[in-house]
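J.: With chain A held as given, fit chain B onto it using these hints.
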Amino acid sequence: MKIRIKSDIALSKTGFVFNPQTGESFSLNPMGSEIFCLLRDGFSTEEVVKIITDRFDVSAHSFSTDLDDFVAMLRRYELTDEA
Amino acid sequence: MKRKKITVAVTGLNAIDNPGSGVSVIRSLRESELFECRIVGLAYELLEPGIYMKEIVDCAYQVPYPSAGTEALFQRIEQICEEEKLDVIIPNFDAELYSYIKLERRLDNLGVKVVLPTVQQFEERHKYNLSDFGKRSGILVPESVVCNSIGDFKDCPADKPIVVKGKFYDAFVVTGREQFEYHFSKIATKWGVPVIVQQFVDGAEFNVAGLGDGNGNLLAAVPMSKRFITDKGKAWAGVTVGDRRLVELAELFVKQTNWRGAFELELIKSKDGRFFLIEVNPRIPAWIYLTTAAGQNIPEAVVRMALGENPCAFESYEVGKMFVRYSWDMIVEQDEFAKFSMEGRT
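Residue numbers (this note's numbering), protein chains in the order written: chain A, 154 to 236; chain B, 690 to 1035.
Isolated chain A (complex conformation) (with noise of 0.2 Å):
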């Protein structure tokens, strides 16, 4: 599945995140702006499991809850395109 992140959110080197059109800011932690760096690039989930867990001692499947949980978050805070 693609995640649309909005175009214009901005992500600094130390894992800040500002929405200019809302003002709200948020922190990532190193692998949640890794996560967010490959989603923004057009990496799809199923992609970005597959990167991550080749990389990391991490299983699929435990990874795949905590991106959905990653994902959902991004949607509350209204930091993607989709509705």
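Read the hints as simulated data drawn from the structure, not as lab findings.
Accuracy of the hints is not assured; some may be wrong.
To be verified - In the BS3-like style, the derived pairs of lysine-lysine whose C-alpha atoms are separated by at most 30 Å in a straight line are: (1) B:Lys802 - B:Lys816; (2) A:Lys155 - B:Lys958; (3) B:Lys694 - B:Lys1028; (4) B:Lys915 - A:Lys166; (5) A:Lys159 - B:Lys1010.
T.: Frame of chain A; chain B shown alone:
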């Protein structure tokens, strides 16, 4: 570039938890590249901090409260004009604006300019007329009831919050008849009637500071998201945002009203993403220095309009610029306070 020397009088020098706009207006004027301003502070209370801020105010005078009437205010300004060659006055309190609007022509005869809305514009945007204004203009406004007595609002919901507002200041979110009656009485005692009862819209708070040219054109607009809100509902921190809909609302407001001068729109973004206009303030807001920092020096543009210039509309502002307000304990010498107390001027 050589800056033009002018003298600007500014009110709203209080800096309490619901601060006046004066100090922010002056900071903006101090940064003007067009004007070198001598700043004359006009204060009601002896302890308005701006009076004693020497880097902000060059000289301060006490003026009579709005309740003393327009004639008393005019006479005091005439006295001040014998000592200061005032070019422009920027009034910053809701409660005093009506007097300044009424005095505009007489002030002009003294050589003092103001940039203010007309009486009609001023009345139309009143909290108690806002609901009708919303219907006419196509701007979403929460439903409201104008109450001259407690009995005017009979159907107070027991379990849903409502907002009780004073005609000039103060707003409380209340639930149930008992809370409503308590806050109604409190507001009516302080600000008089009518008291406005408004539908509560749950959501994030946004403000837009803007400037209209009086011919339906928007000259400036900077939207801000409140990031830290005091118990009085005032922004103690905020950040400029890029939601184009907020600027479009300001455009619509100015087009519908032909608003002349500065204004502030207070809006709530509901959970479903719609913006509700909850208030229009007919003056420069206290956070105006943020607009200057973001690239739109609205106080400077007000002065340009006052002096008969036609400033071009600002085209952009910096998104993501923040302000964080702070309080500061100044040390004031007793003789400074004594002089202002006894002579009504610094």
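J.: With the threshold set at 30 Å, check whether the alpha-carbon distance from Lys155 of chain A to Lys958 of chain B stays at or below it.
T.: This hinted pair holds, its Cα atoms lying about 28 Å apart.
J.: Take the C-alpha atoms of Lys159 of chain A and Lys1010 of chain B, compute the straight-line distance between them, and say whether it is at most 30 Å.
T.: Distance of about 20 Å is within 30 Å: holds.
J.: Does the alpha-carbon distance linking Lys694 of chain B and Lys1028 of chain B stay inside the 30 Å limit?
T.: 28 Å, holds
J.: Would you mind confirming whether the straight-line C-alpha gap from Lys915 of chain B to Lys166 of chain A stays at or under 30 Å?
T.: With Cα atoms ~25 Å apart, Lys915 of chain B and Lys166 of chain A stay inside 30 Å; holds.
J.: Hint check: Lys802 of chain B vs Lys816 of chain B, CA-CA at most 30 Å. Holds or violated?
T.: Holds, because 27 Å separates the two Cα atoms, which is no more than 30 Å.
Going through the hint list in order, the structure satisfies each hint without exception.
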